[in-house]
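With the hints as extra help, turn the sequences into a complete structure.
For the protein sequence lines, the chains are A and B, in the order given.
Going by our numbering, the first residue of the first sequence is number 306, and it counts up by one from there.
Going by our numbering, the first residue of the second sequence is number 306, and it counts up by one from there.
Just so you know, the hints here were simulated from the structure itself, not pulled from any lab data.
Just so it is clear, the structure is predicted and the values come from calculations on it, not from any experiment.
Honestly, I wouldn't trust all of these hints.
Because identical chains cannot be distinguished in the list, a pair is counted as satisfied if it fits within a single copy or across any two copies.
Pairs of lysine-lysine residues, derived as DSS-like cross-links and limited to a Cα-Cα distance of at most 27 Å, are as follows [to be verified]:
1. K639 - K466
2. K466 - K561
3. K561 - K623
4. K417 - K561
5. K613 - K417
6. K364 - K561
7. K466 - K621
8. K639 - K561
9. K417 - K364
10. K452 - K366
11. K422 - K613
12. K474 - K364
13. K466 - K452
Number of protein chains: 2
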Amino acid sequence: MTWDQTIPVRLNIQYPIIQAPMLGITTPGMVVAIAEAGGLGSLPVGGLSPETTLQLIRKVKAGTGKPFAVNLFTHDIPAIDINETDAMQDFLEALSDEHYLGYERQDVAGFKFHTYKEQIEILVRENITAVSFTFGIPDDESIAQLKSAGILLIGTATSVKEALLLESKGIDMIVAQGIEAGGHRGSFLDDEPLPQVGTLALVPQICDRVTIPVIAAGGIYNGVTIRAAFVLGAVGVQIGSAFLASPESSAIPAFKTALPGSTETDSELTRAFSGRWARGLRNSFMEAMANSGLQIPVYPVQNSLTGKLRAYAQQKDKMQFTSLWAGQAAAQAKPWPAADIFNDLVRQVEAAYPQPA
Amino acid sequence: MTWDQTIPVRLNIQYPIIQAPMLGITTPGMVVAIAEAGGLGSLPVGGLSPETTLQLIRKVKAGTGKPFAVNLFTHDIPAIDINETDAMQDFLEALSDEHYLGYERQDVAGFKFHTYKEQIEILVRENITAVSFTFGIPDDESIAQLKSAGILLIGTATSVKEALLLESKGIDMIVAQGIEAGGHRGSFLDDEPLPQVGTLALVPQICDRVTIPVIAAGGIYNGVTIRAAFVLGAVGVQIGSAFLASPESSAIPAFKTALPGSTETDSELTRAFSGRWARGLRNSFMEAMANSGLQIPVYPVQNSLTGKLRAYAQQKDKMQFTSLWAGQAAAQAKPWPAADIFNDLVRQVEAAYPQPA
Numbered sequence: 306m307t308w309d310q311t312i313p314v315r316l317n318i319q320y321p322i323i324q325a326p327m328l329g330i331t332t333p334g335m336v337v338a339i340a341e342a343g344g345l346g347s348l349p350v351g352g353l354s355p356e357t358t359l360q361l362i363r364k365v366k367a368g369t370g371k372p373f374a375v376n377l378f379t380h381d382i383p384a385i386d387i388n389e390t391d392a393m394q395d396f397l398e399a400l401s402d403e404h405y406l407g408y409e410r411q412d413v414a415g416f417k418f419h420t421y422k423e424q425i426e427i428l429v430r431e432n433i434t435a436v437s438f439t440f441g442i443p444d445d446e447s448i449a450q451l452k453s454a455g456i457l458l459i460g461t462a463t464s465v466k467e468a469l470l471l472e473s474k475g476i477d478m479i480v481a482q483g484i485e486a487g488g489h490r491g492s493f494l495d496d497e498p499l500p501q502v503g504t505l506a507l508v509p510q511i512c513d514r515v516t517i518p519v520i521a522a523g524g525i526y527n528g529v530t531i532r533a534a535f536v537l538g539a540v541g542v543q544i545g546s547a548f549l550a551s552p553e554s555s556a557i558p559a560f561k562t563a564l565p566g567s568t569e570t571d572s573e574l575t576r577a578f579s580g581r582w583a584r585g586l587r588n589s590f591m592e593a594m595a596n597s598g599l600q601i602p603v604y605p606v607q608n609s610l611t612g613k614l615r616a617y618a619q620q621k622d623k624m625q626f627t628s629l630w631a632g633q634a635a636a637q638a639k640p641w642p643a644a645d646i647f648n649d650l651v652r653q654v655e656a657a658y659p660q661p662a
Numbered sequence: 306m307t308w309d310q311t312i313p314v315r316l317n318i319q320y321p322i323i324q325a326p327m328l329g330i331t332t333p334g335m336v337v338a339i340a341e342a343g344g345l346g347s348l349p350v351g352g353l354s355p356e357t358t359l360q361l362i363r364k365v366k367a368g369t370g371k372p373f374a375v376n377l378f379t380h381d382i383p384a385i386d387i388n389e390t391d392a393m394q395d396f397l398e399a400l401s402d403e404h405y406l407g408y409e410r411q412d413v414a415g416f417k418f419h420t421y422k423e424q425i426e427i428l429v430r431e432n433i434t435a436v437s438f439t440f441g442i443p444d445d446e447s448i449a450q451l452k453s454a455g456i457l458l459i460g461t462a463t464s465v466k467e468a469l470l471l472e473s474k475g476i477d478m479i480v481a482q483g484i485e486a487g488g489h490r491g492s493f494l495d496d497e498p499l500p501q502v503g504t505l506a507l508v509p510q511i512c513d514r515v516t517i518p519v520i521a522a523g524g525i526y527n528g529v530t531i532r533a534a535f536v537l538g539a540v541g542v543q544i545g546s547a548f549l550a551s552p553e554s555s556a557i558p559a560f561k562t563a564l565p566g567s568t569e570t571d572s573e574l575t576r577a578f579s580g581r582w583a584r585g586l587r588n589s590f591m592e593a594m595a596n597s598g599l600q601i602p603v604y605p606v607q608n609s610l611t612g613k614l615r616a617y618a619q620q621k622d623k624m625q626f627t628s629l630w631a632g633q634a635a636a637q638a639k640p641w642p643a644a645d646i647f648n649d650l651v652r653q654v655e656a657a658y659p660q661p662a
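Now the structure itself:
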């Protein structure tokens, strides 16, 4: 196969394969491994402080001189509904008492949410190659700042409507995120009903309507799914779950161990952990939340509320009480170094289309 | 493109493109048009009486001497919960009164449900080429009868587990139905939670695990989606929504007219109309049912309950009160004769891979 050169040329990388930004899973080491292997690593910094953002970028740069992407969460900061958060904290406390999860009641009034706007200056100063984003569109000023610094912008769309809006705002490329994708839905125009279009139907319908390059995401895990994405009109693919079980992934051991025994039907969409819809393996926490009937605070309020409980569960390797973000092909994840997984994907694609001798 | 010959050879047809059986939409004329164009038309007879089944088969045979498939619903007949149906009829009466839908209360005790077992003998006698089925697996006796008559059997799977069970029962081919698909989910092992795997993730994971031929369904509507399905490992495709607006479709005029203005996010899964999960364009009936909070009787009880209301709405061309089964690419349906739609699909696929001169 002759790889499409649109993305390699514009980003100065070898292969149009993007490692998906997976906040809480992706380490700087994973980004370095993918960059060195010739792909585009994505460093997730959504909701992090400027200081942490800078530290993580520096860690990646210490490992590679190659281009990589930084991924932002471009949502607005919501107001907090104290009645909702009080009821949610009652629930989290009771759950914690029942299952020894070490939850401590938090002072919600003291919550401080960072916005992507605090990170823009760092991205410009650090001369980042590409900035991808999800949960919205950066404001016009941020877009102008990033573009005038020569940074390539990659937005996330879960519908044709979102793709058209991204294009109209001057975004350079679009990740078309199908329903197969693990983790958070990038949806930002409609939340209820949430767009839930499969990758196979979404990618060509977006490609038909926009002129900028489209990157397929959701359910892509091997040679044939990569090739199918290209046939559908994408010029690149974004792959996350395939790297979940790598040593560079900070998924907890119990989750990594459980992946090979899971199936393509074991995940579902939930707002339980963060307040935003995301796909993860079903577990006790999701079930308890659904049974509670509680109104779930919006993102990132719920994300902050559950943060300590998730952190504790992770420390104790209790996979029933933390988010297990996974796509519909996560069962195929290999426990190999990220570079080996990446190289194997490249090999599978190239094996299907032998190079001319 | 050299078309994969697995299905053409086994079914004595020209192209491995199957027109999806769409009960209430597919007419004998549509099956004839597809058969004459070189594809496999599918005549849906799920739940119909033996007499009607035979009449429809004869109509197809009067129009073509070419092979076609007959599609069965292979579910068990459930018990009726009178408390549930009484509450549902109260709701349907009130809705009908409010919107002038002509609903008349029915004697549920008098409901007579036909089973596929009543249809087997006709299929054998009529020497049908292929029998496809959904909602389950025929019992061993029916499978033996059909197979000893030389009839090729095509099952429907929405998960790897269902595909493996179909293969173990000696079924010849499998339709892998992704979540993009319009109409009823073929799921028969798990209903809650319902398998909701996208076509791009489902097809290769099924192909990896079974040795029998796999047909991709869900979201396939043009040349690139057909080619992608083949790349994913399918040796055939099943296409439904693309034929919705054809003159051979018995979709009501309002529905046909609405399709081009609809989008890929306008459909969702509902049990409101039939008691089984199915994908259709959102409308007032689905919303009213969701707001009612009522327990929906299982299929085919709910299907029979809503039947008269749907029939009345269809007569009056009121699309807010009948099922609008549609997949996630139904907006792309062309108002052309079914044969023209079919020929255009073939042309699109072949144009991408020029034949040697």
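request  = Just pull the numbers of the violated hints for me, sorted ascending.
outcome  = Violated hints (numbers, rising): 4, 7, 12; every other hint is consistent with the structure.
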